[in-house]
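Undergrad: So the sequence lines, in the order shown, correspond to chains Y and C.
Under this note's numbering, think of the first position of the first sequence as 1068, with each following residue one higher.
Under this note's numbering, think of the first position of the second sequence as 1068, with each following residue one higher.
Derived from the structure by calculation, the hints contain no laboratory data.
What you are looking at is a predicted structure, and each value in this text was computed from that prediction instead of being measured.
Built from N, CA and C at the ideal position, the CB exists for glycine as well.
A portion of the hints provided could be inaccurate.
If you want the footprint, here are the derived chain C segments under chain Y, 3+ residues with CB under 8 Å [what the hints assert, rightly or not]:
id, stretch
1, 1174-1183
2, 1221-1232
3, 1250-1259
2 protein chains.
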Amino acid sequence: MSSASPDTRTKILQATWRLMEQQPGQGVRMSDIARAAGISRQAVYLHFPARVDLLISTTQYVDQVLDVDGRLAPVRNAATGIEQMDRLIAFWGDHVEKIYGVARALLAMRETDAAAASAWDERMSAVRDGCRSVFEALLRDRQLSDDWSVETATDMLWAMLSVRTWEQLTAECGWSADDYVERMQLQARLTFVKV
Amino acid sequence: MSSASPDTRTKILQATWRLMEQQPGQGVRMSDIARAAGISRQAVYLHFPARVDLLISTTQYVDQVLDVDGRLAPVRNAATGIEQMDRLIAFWGDHVEKIYGVARALLAMRETDAAAASAWDERMSAVRDGCRSVFEALLRDRQLSDDWSVETATDMLWAMLSVRTWEQLTAECGWSADDYVERMQLQARLTFVKV
DNA sequence: GCGCTACTTGACACCATGTCAAGTGCAAGC
DNA sequence: GCTTGCACTTGACATGGTGTCAAGTAGCGC
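Take these sequences, add in the hints, and give me the full structure.
TA: Quick look at the structure:
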């Protein structure tokens, strides 16, 4: 599948990414993607059986190109829980900005399509693990506020970091990427760190 | 329009509400609504020119039936900023639960439809006003943390209170309505109130 | 009985996704 | 040089939901 015709397949993935960045989400049709990739609409279906598969593959492609694993290293290597929390938020603010177009398309599809839903949920559960790891570290440091358990704090931070919340704060409140990171870090510290 | 045939129109609005509660959002088709209301699909179009109009009218109908204005009185009459904040969050947690089905449908439509988008945004901007009013009161009480301006605090609380965040915390994290209210109040106090 | 109104019935256009079948062009292997 | 296979093209078609159109019907006030 991926080795058979990497060229065209990659062209499709790149075209999808590009178009979704330009007009995030729903507006992008299979025929738009085909035209942008310079091939016929049907050729897209030779590589991806359905729209949802293309979307899922595109998110994987994007992650790979952006080297998510590499950029997560500083988060994992943080010395303290607070540092880990700050770095996770900083990474995430930066990352969401880059994946937003594709993320929004997948998110829209999630409402109706089971495959899209589970692909999305799987990715988000990785973020959730990142949040939990922060609070486990914070607990070890004896810096987790008594008001929160690891679980409830994880839920809350995970919700704060949702793509929808990022979308609202940047698109509707006009926050810059820096505003987002700075204020989320502030709120997280005020909320979860023992005073 | 509303005086011409209140009976059928109301039957349609009630059927829409009911169906959207049962299976929130997208899955509800015009023909489902017609069947549930006991009329033909075309009769629905006699009352609502398009799906989006029906959705918007349904949210208005729901607000009216739930007496939103009346239930907001305690929020407005709060003695202190902190009390106002707690009451706003309590009202909202309770309210979102009731409107969630219709809200989700409108939210899904917002992605593609300009009329749905502006109807939704208008409602959400009322929530935003509620948030701002909280922080103006808190500022008057000299209890707004130095870390936040009225504007940035408004943005942040508004984002925390988004329907999507409520959805994530209740549906995916399994929070009860009480959990939601209690923890949101806690986070808001920790974040925005001067220590 | 007349005419108005609300509603029904059934056909149809539209648009995006996804399927199917036949055809083309190119390159590797004999 | 010819065949075989593969990636892709072309064009037609099914599906499902929204929205439109036109003709017909049932009930009600006059």
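Undergrad: State for each hint whether it applies.
TA: To see whether the hints hold, each was checked on the structure:
1. 1174-1183: Answer holds; 3 residues pass the 8 Å Cβ test.
2. 1221-1232: This one holds; 8 residues, not fewer than the three required, reach chain Y with a Cβ under 8 Å.
3. 1250-1259: holds (count 5)
Every hint, counting from the list given before, is met by this structure.
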